[in-house]
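Engineer: Between the sequences and the hints, there should be enough to build the whole structure, so can you do that?
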Amino acid sequence: MASAEPTHSSPGSNRALFALWALFWLLMIVVALQDLYDDDKLQWWEPLVWEGSSCVVATLWLLIERRAAQRWTQYLAQPWAWFARHLVWLPLVAVTFVVAVYAIRHGIYALTSETYEHEPWLYLLFYESVKLTLYIGLWLGIIFGLASFERWQVEREQLLTLQKHLAESQLAQLKAQLQPHFLFNALNTISSLMQVDVERADRLLTQLADLLRSSLLANTRDTTSLRDELKLLTMYAQIMQERFIGRVTLTWNVADDVLDALVPSMLLQPLLENAFKHGVECSRDPATIRITAERQGDDLSVTIYNSASSSPATPSNGIGLRNCRERLEVLYGARASLELARSADGVTAQLKLPFRTA
Amino acid sequence: MRILIVDDEAPARDKLRRWLAEHADVSLVGECADGLAAAASITATQPDAVFLDIQMPGMSGLEVAAQLETAQAPLLVFVTAFDEHAIKAFELNAIDYLLKPYDKDRLQKTLQRLRDRRAGAPAAGSAASAAIRTARAQTGASERLLVPHGEQLQLIEAASIHWLEADDNYVHVHTAQGSYLLRRTMSDLLTQLGERFMRIHKSTAVNITEVKSLSPLFKGDHEVLMRSGATLRLSRRYKDELFARIG
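Same order as they appear, the protein sequences are chains A and B. Heads up: the first sequence at position 186 corresponds to 1468 in our numbering, and the numbers run straight through without jumps. Heads up: the second sequence at position 224 corresponds to 808 in our numbering, and the numbers run straight through without jumps.
Hint data in this document are derived by calculation from the structure and do not stem from the laboratory. Check before you lean on any hint, since a few could be wrong.
[What the hints assert, rightly or not] Computed beta-carbon distance windows for the label pairs: (1) A/Gln1445 <-> B/Gln692: 41 to 49 Å; (2) B/Ala725 <-> A/Asp1492: 43 to 51 Å; (3) B/Ala725 <-> A/Arg1607: 32 to 40 Å.
[Claimed, not checked] Some chain A residues close to chain B (C-beta under 7 Å, calculated; not the full set): (4) Phe1306; (5) Arg1438; (6) Pro1462; (7) His1463; (8) Asn1467; (9) Leu1469; (10) Thr1471; (11) Ser1473; (12) Ser1474; (13) Leu1475; (14) Gln1477; (15) Cys1564; (16) Ser1565.
Every residue, glycine too, gets a C-beta built ideally from N, C-alpha and C.
Structural biologist: What follows is the structure, encoded as C-alpha cells:
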C-alpha cells in the first residue's frame, strides 16, 4: 500500500494545526497576563517574555516535528508505534526546552537590567518537564487525530476512485460484442445467397449492417429499451436462421407492456447466441428457440429456451453467462438474477431484473 | 479430381458446389452436413480431396481429420470462418485452408494447389499426413475413436478400450462391449490415441489403466494380466518403458 500513502502532509491539515497552535498560545498569554492583577510588582512585559519564550521554543520543536512527520505517517495505523516514535524524543525536548527558554528569559531580563528570579534549577527542570510532558501529550493527541483524519480521507478517496474505475472497466469489458465467428459466417452466408437470390442477399446484408450499427451504439451506453434490444435480437436471429436454414424454429412471446422497460444493452444477444450455439449449431436435429418477456410484479422477466439434443453440452458456455451475471451485478446488485435451468428436452436461460422505464 | 464437401450450413455447401461445378476436372462425390457422416463418406467414397468445415455439430472437422489413417488420407482443405489457433497451425505447417467468405480467385488458387499436390504423387501423401498430424496436434489425443459398426460408423470412448491387437493392415480394438476391426495401422492409431496407450509387444498395445498385474516369465519376458481377465505377453523390448509408466 506504499503508493496509497500521501507523500507529505498536506497544507490543509497543517493550516488547521497551526491555527489551533496560535489559538492555544494566545490563550496562554491571556492567562499569564491575568497575573498582572494579582501581583503589583510585576512589570507588564514580564508575562509576555515568559510565555513568548516558551512559545518560540515550542514552535521551533513543532516545526521540527512537522518536517519529520511524513516519516511517521506509515505508523498511523498503529497508534502505539506512532506515539512511541515521538516520545523517545521527550528527554531531549525537555532539556533543550528548559535550557533555551530560560536562556532567553535571562537574556531579556539582562537587557532590561532586571534579574529573573525563579525556583532552584533542579526543581525547575522537574516541574517544567512534567508540565511539558502533559502539553506534549495533548498536542501529540491533536496531531495524531488530524493526521489520521487526513489519511482516512485520502484513502477513502482513493478507494472510491479505485472502485469507480473497477466498475467502469468491468462494464466495458463485460459488454458483449458480436463474435468474429458470427460475422464471418454471416458474410459467407450472404456471399452464398448472392449467387441465387440477389434481393435476399441484399436484405441480409442490410440486416447485418443494422446489427453492427446497433451493437456499436450499444457499447456507448449501459442500458437500452427492451424494444431496441429485441430489434437487435430479431436481426441477429434472422441472419442465423438464414445460415441454419430449415434447422431452427423461432417463437417470440413478448407482452406489450414491457417494451419500454430498460435492460442492459447487448445483454440478451449473447444469451440468444448461446441458444443457437447449443441448440442449433451442436445439434443435427431440427431445433426450437423460444423467447418470452413479461412483467412479474416489480420485475421484468425474460426467458430464452432452446431445445437440446442428446449431445453433451460443451463446457464453454460458462464464460458468456458469467460475463452477463457480472454485468447484472455491477448494474443492479442483488436485485437481478440470471439462472440456467436444464429440463429433459432443453435449456432455459431465465433473466430477472428490476422493472424500470426511461 | 473427386471432391467431397463437408459443411453443416446449407448455404455454404450450395456456394461451394456451384463454384466447383465450374471446373471441368472436378467431380463431386458427395456432400455431408456433419462430422460422423463425413468420416463414413470418406471411407466409402475414397475422394481425392475433402473441403472440410471446422465448426460442425457432433464432431468438428479437426476431429474428423484426427480419426483418419495418415497413410490413406485424402488431401484436406480446412474451411473456417474464424479460428485463430487452427489458422496459425495451418500457416506453420503449410496446410491448405480456405477462409470464409472466399471469392472465386481464392477457390481457384486452392484448387490449383490441390492439382499441383496430386501431380507430385509422393508429395501428395505427405501433404495429407501433415494435415492429419496438424489436426491431431490441435485436438490433442482423441477421447473418442471412430469404429465401424455394421454398415455404419460409431464413436466409442477411448477410455473404454482395453487393448489393441495388430493384424496386418488391421487393428482389433478390444473393449468391454466387444471387439471392432479397424482398417488402420497400429502405430498411426497409437499416435492418435496418445499417452493412454502403450505398446507391450510388436503386435499388442494396452490401455495402461486396464493393466492389473505383471508376472515374470523366462528370458526376461513378462505376462500382463488385464482387469478384463485377458493375459498378454510383454516383450523385453518394451519392459522398461512399461515398468516406468506403471511405477
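Engineer: Using Cβ atoms only, decide whether A/Cys1564 comes closer than 7 Å to chain B, and label the hint accordingly.
Structural biologist: With a closest approach of 5 Å, the A/Cys1564 hint holds.
Engineer: Tell me if the interface restraint on A/His1463 is satisfied: Cβ within less than 7 Å of some Cβ in chain B.
Structural biologist: At about 4 Å, which falls below the 7 Å cut-off, the nearest Cβ of chain B leaves the hint on A/His1463 intact, so it holds.
Engineer: Should the interface hint for A/Thr1471 be scored as holding, given a Cβ-Cβ cut-off of 7 Å against chain B?
Structural biologist: 5 Å, holds
Engineer: Using Cβ atoms only, decide whether A/Ser1473 comes closer than 7 Å to chain B, and label the hint accordingly.
Structural biologist: Status holds, d = 4 Å.
Engineer: Is the interface hint for A/Asn1467 satisfied, with its Cβ closer than 7 Å to some Cβ of chain B?
Structural biologist: Holds. Min distance 4 Å.
Engineer: Verify the interface restraint on A/Pro1462: the C-beta must sit less than 7 Å from at least one C-beta of chain B.
Structural biologist: OK, holds: A/Pro1462 within 7 Å of chain B, min 5 Å.
Engineer: Given the hint of 41 to 49 Å, check if A/Gln1445 and B/Gln692 actually sit that far apart at their C-beta atoms.
Structural biologist: Because 57 Å falls outside the window, the suggested range is violated.
Engineer: Hold the hint about A/Arg1438 up to the distance rule: shortest CB distance to chain B must be less than 7 Å.
Structural biologist: Nearest chain B Cβ about 44 Å off; hint violated.
Engineer: Quick check on A/Leu1469 please, does its C-beta sit within 7 Å of some C-beta on chain B?
Structural biologist: 5 Å, holds
Engineer: Quick check on the hint: A/Ser1565 CB to chain B CB, less than 7 Å?
Structural biologist: Because about 6 Å separates A/Ser1565 from the closest Cβ in chain B, which is inside the 7 Å limit, the hint holds.
Engineer: Against chain B, run the beta carbon of A/Ser1474 and see if the smallest gap drops under 7 Å.
Structural biologist: Interface hint status for A/Ser1474: holds (4 Å vs cutoff 7 Å).
Engineer: May I ask you to test the interface hint for A/Gln1477 with respect to chain B, counting a Cβ-Cβ separation under 7 Å as satisfied?
Structural biologist: A/Gln1477 check passes; min Cβ-Cβ to chain B is 6 Å, inside 7 Å.
Consistency with the previously given hints fails for numbers 1, 4 and 5, ordered from lowest to highest.
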